[in-house]
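S.K.: Residue numbers (our numbering), protein chains in the order written: chain A, 1 to 348; chain B, 1 to 302; chain C, 1 to 266.
Treat the hints with care, as some may be off.
[Stated by the list, open to error] To give an idea of the interface, some chain A residues facing chain B are shown, with a C-beta separation under 8 Å as derived from the structure:
hint: 1; residue: Leu-76
hint: 2; residue: Ala-77
hint: 3; residue: Phe-79
hint: 4; residue: Glu-80
hint: 5; residue: Arg-317
No lab work stands behind these hints, which were simulated from the structure alone. From the three backbone atoms N, C-alpha and C, an ideal C-beta is built for every residue, glycine too.
The primary structure of each chain is shown beneath.
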Amino acid sequence: MPDDSPTPVVRFRNVSRHFGDVRAVDDISLDILDGEFFSMLGPSGSGKTTCLRLIAGFDTPTSGEIDLHGAPAGRLAPFERDVNTVFQDYALFPHMTVGENIAYGPAIRGVPREDRERQVAEMLDLVRLPGVADRKPAQLSGGQRQRVALARALINRPRLLLLDEPLGALDLKLRQQMQIELKGIQERLGITFIHVTHDQEEALAMSDRLAVFRSGRIDQIGTPAEVYENPATAFVADFVGISNLVHGPDAQAITGSPAPFTIRPEKIRMLAADVAPGPGDLTVDGTIQDVVYLGMHTRYRVTVTSGAVLTVVAQNREAAAGDVQALRGHPVRLSWPRDQGRPVENRS
Amino acid sequence: MKRRPFASFLFRHPRLALALLILPPILWLSIVNLGSIASLAVQSFFRLDDFTGMVVREFTLDTWRQLFTPANLDIIRRTVVMAVCVTLATAGLAFPVAYYMARLATPRVRAFLTLAVLLPLWSSYLVRVYAWKLILAKEGVVSWLFDQAGLTWLLDGILEMPLIGGPSLSVSWIGIFLAFTYVWLPYMILPIEAALEKVPESLLEASSDLGARPRETFRRVVLPLAFPGIVAGSIFTFSLTLGDFVVPGVLGNSSLYIGQAVLAHQGTAGNIPLAAVFTVVPMGIMCVYLVLARRAGAFEAL
Amino acid sequence: MRTVRRRAPWSLKAVVAAVILFLHLPFALIVLYAFTTEDASYTFPPPGLTLRWIQAAYNRPDVWEALGLSFRVGATATGVALLLGTLAAVAVHRSRFFGREAVSFMLLLPIALPGIVTGIALRSAINLLDLPFSFWTVVIGHATFCVVVVYNNALARLRRTAPSLLEASMDLGATGGQTFRRIVLPNLGTALLAGGMLAFALSFDEIIVTTFTAGQQSTLPIWIFTQMTKPRQRPVTNVVAVFVVLLTTIPILLAHLLTRRDDDRP
C-alpha cells in the first residue's frame, strides 16, 4: 500500500482471523483514511462484520496487525479504544431512558450532570429527535431508536465510528432518508465512518470508498464509480449491481476473443433489427425472452445468437405502450461501445 | 481513551474472570451438595453398635443386610403400594381438569384455573396436610357429612375394613391415601396440561376426518400424546410419596413408611447408617423409574 | 392459534369444578377452625366462633421463638442464595467451560432429589464431622434449594438479555466490572427479586430437610408438626397455620406476577 503522508485511521496489515478451520478473515490488508465514509460490502459470511469487530476490539486477529490512529491496537480492550459502534440491533439499554442511554459514555468518564444534559440535548438536535430524552427505548419506533443509538455513539466524539448494518431494519423510504442524513452528519462532523452492509445500493449511495468482501478476502477497493464501472472480478461485477458475464465461445462470437468480460445492462442499447450501430460498437442479434416492467425502467432478458442470455435495462423515457409482454419473441439488435465491456479475471 | 490495564487483562483472559466468578459456587457445591451425598454413601457402609449407641466407622455390609429383614421389607412394600395407588388416583383426577384447561377453556378461564391449581402448591404443604387431620377427625367435617346423609353405618363399615380402615379416618390408610392425593394433585395436573396443550387441533380434526368417532380419537390420539405428561407427573407423585414422613406421621398408625423409618432411625436412636441405607431405597427406585420414564418420553413433557 | 373451541360437556365442567373445590376447601376449613370456640377437638360444625385464639397465639412465647427462627433462617438462606445463585448463573451463562453441564446438574440436585435424601445426606455429614446442630446447620440445609431457585430465575433472565447490550456498554467505555454494575445487575433486578421472594417462601415453609438439620431447634413448620399430636389449644395451631399460609403464598404470588410480566415485555 502506498504510504502517503496522512496517517490512515485504520490500517490492516495481513490480518487473518481463523475459527478452527474456518477463515473468517483471510490475509486482509487495507487502509482507511481520516474523514472518509468507508463501506465494507459483501454477502453474509464474507468477513466484513468480523473485520468490524476486530476494529472495535471485541475480537483479536489470529495473525497480522491492526493499527488505529497510527499506533498498533494490539490487545486493547474495547473500552480503551477511541472507537464507538452503532450496533445492528441498536443495543439500547432497556432499563434506562433515552437521555441516560445517550449520556452513558460521558457518565462513565465522570462528566458532571449539567454538562451531560447539555451534551445530550445537542446530540438529540443533531439526530433530529428533540425532546425524547425522558422516554424509554421501548416507546420509540425503529427509526427513532436508530437515531438514539447514533447519538449515543457520537456524543463521545470518537475519531472513528463503526456502523453494523444500521439501516437493515428500516423500511425503504426511511432507509433512503437515513442514508442522506447519515452522510450529512458524517460530513458535518468530519468523523471517519466505517459502515458494514450487504446492500450494494446503500454502499454506492453513501460511501467515499468501499471494499467488496468475498469469503474473507477483499476483491476490490475503490470509489463507488470505480467499483461499479470497472469491476475487478466477476464476483464484484455481479454483486454490485447487475452485470452480464460473457466468456468462452460467447465472448469469442461477440468480440472475437475468448477473454471474459462484463457489460452493465444499462450500457447495452436495443436497436430495431434494421438500425445500424455506431462505428466501433459491438453488436449482436437476439430475441427477447422476458420483459419485466419496473416503472422507472424495464428489464429485458435477451437470448443472443450464440446462446448466451444478456440482461438489458432501458429507461422508460416514454410511457410504456400497452402490454409490454407482447414484446416477447421479438427480434432485436443489441449494441454497445467496445470499451464499455470490462475485462475481468475470474478469481476464485 | 484511558488505559485500564487490570480490566483489560481480565477482558483478554475471560477464563480467569470466569474462574473468579465460579469459585464461590463451586466451593459451595462440592462441600455441601457433593459432600453431603458422599457422606450419605459413606454412612451406609458403617453400622451402629447397639451396645454403645455409637456409629462404628468401619466398612461393613451389616447395615445393608438389615434392610432385608421382613419388617423392613414390609415398610418398603407398604410405601411402594401407597405410591402406586396415589399415582393412579391423582392421574385419574388430574386428567379431566388438565384436558379441560388445555383444550376447552377460554384463555381467561384457563388463566384463572392455572392460578387455582398453582395457589395450593404455593401455600404451605404442611398446613395442607394438617387440614386433612381436621377434616377426617372423628368429629370433623366428613363424619358430619356422612351423618347428615344418614350414612354413618357406611362410614363405620369402611373403618372396620382390614388394612385400610382404622379407629378413625384420620388414623387410617384411607386417610393417608386421601391426603397424599390431595397434596400432590397439582403436580400431576400441570405436566398433563402442558402435554395436552402441545397437541395441535389439526391432529384431532384429521382423526375425525379419517372416520374416527370422538371416543376413538380420544383413545387413539389424545391419550397416547398425553401419556408423556402423565408419566412426568407420576415422577413427582411417586418420588414425593416414597420419601414422605409427614403425611403418614400425621394421619397414620404404627405401621411405618420409609420416610418415618428414616426419621425414626436417625433420631434418638442415632442409627444414621440404617437411616442412610433406607434413604437409598427410594433413590434407587426413582433411578429405575426415571430411566423408564425417559423411554416413555416424559422428559420432553417436563 | 385455535379459533373455534368445541363446547365442553356439562359433566366435564362439573368434574373440574369439583376437583378445584377439592383443592381449596381444606384451607377454607382451616381458616374456619381458627375461630372455633372449642379448643380440644375438631367438631364440625364449630359450636361457636371467637377471636380469642389470635390473642392466645400472640401470647405464646414458643410461637414467637419459632417465628423468629424461621425469619432469621429464611433471610440468611435467601441472602446466601442470592449471592451464590447469581454468581453461578453469570458463570454458567457466559462461558462454555469444562464441566459446565456437571455444575448445572449439581446445582439442581437439591430440588430434583426428594427432600428426605437431602435431609439425610446433610445429617450424615453432620454426624460424620461431629458438628453440633445450630442455626447454621439449618441455614445450610435451606440454602441448598434456595440457591437453585435464584439460579434458575437469574439464568432465565440472563438468557433473555441480548449480548449486544454488554458489548455496547464496553464499546462506550465501561469495563467489565462497570458493565456488570450498570447493565447486568439492573437487568437482573426483578428476576433476583422474584427469586429471592420465592426462596424465602420455600424456606419459610420447609419441614422435611429442616427436621434433619435442626436438632432441638424449632422453626415454625417444625412447631406446627409437633403441635399436631398435642391436643391442647388446637385453634392456636390453626391460627399459626393460617398465618404461615399467608406468609408463604403472598411472596410466591408476587414473584409469579413479577416474572410473568417479563414474558410480555419485548
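S.K.: All hints are to be evaluated individually against the structure, with a verdict given for each.
M.R.: Status of each hint after checking the structure:
1. Among the interface hints, the one on Leu-76/A holds; its C-beta lies about 7 Å from the nearest C-beta in chain B, closer than the 8 Å criterion.
2. Satisfaction of the interface hint for Ala-77/A is found here, the shortest Cβ-Cβ separation to chain B being roughly 4 Å, below the 8 Å cut-off.
3. Given hint, Phe-79/A at the interface with chain B, holds; its Cβ is 7 Å from that chain's nearest Cβ, closer than 8 Å.
4. For Glu-80/A, the interface hint holds, since its Cβ comes within 8 Å of a Cβ in chain B; the closest pair sits about 5 Å apart.
5. For Arg-317/A, the suggested interface contact is broken, since its CB lies about 54 Å from the closest CB of chain B, more than 8 Å.
Hint 5 alone, counting from the list given before, is not met by this structure.
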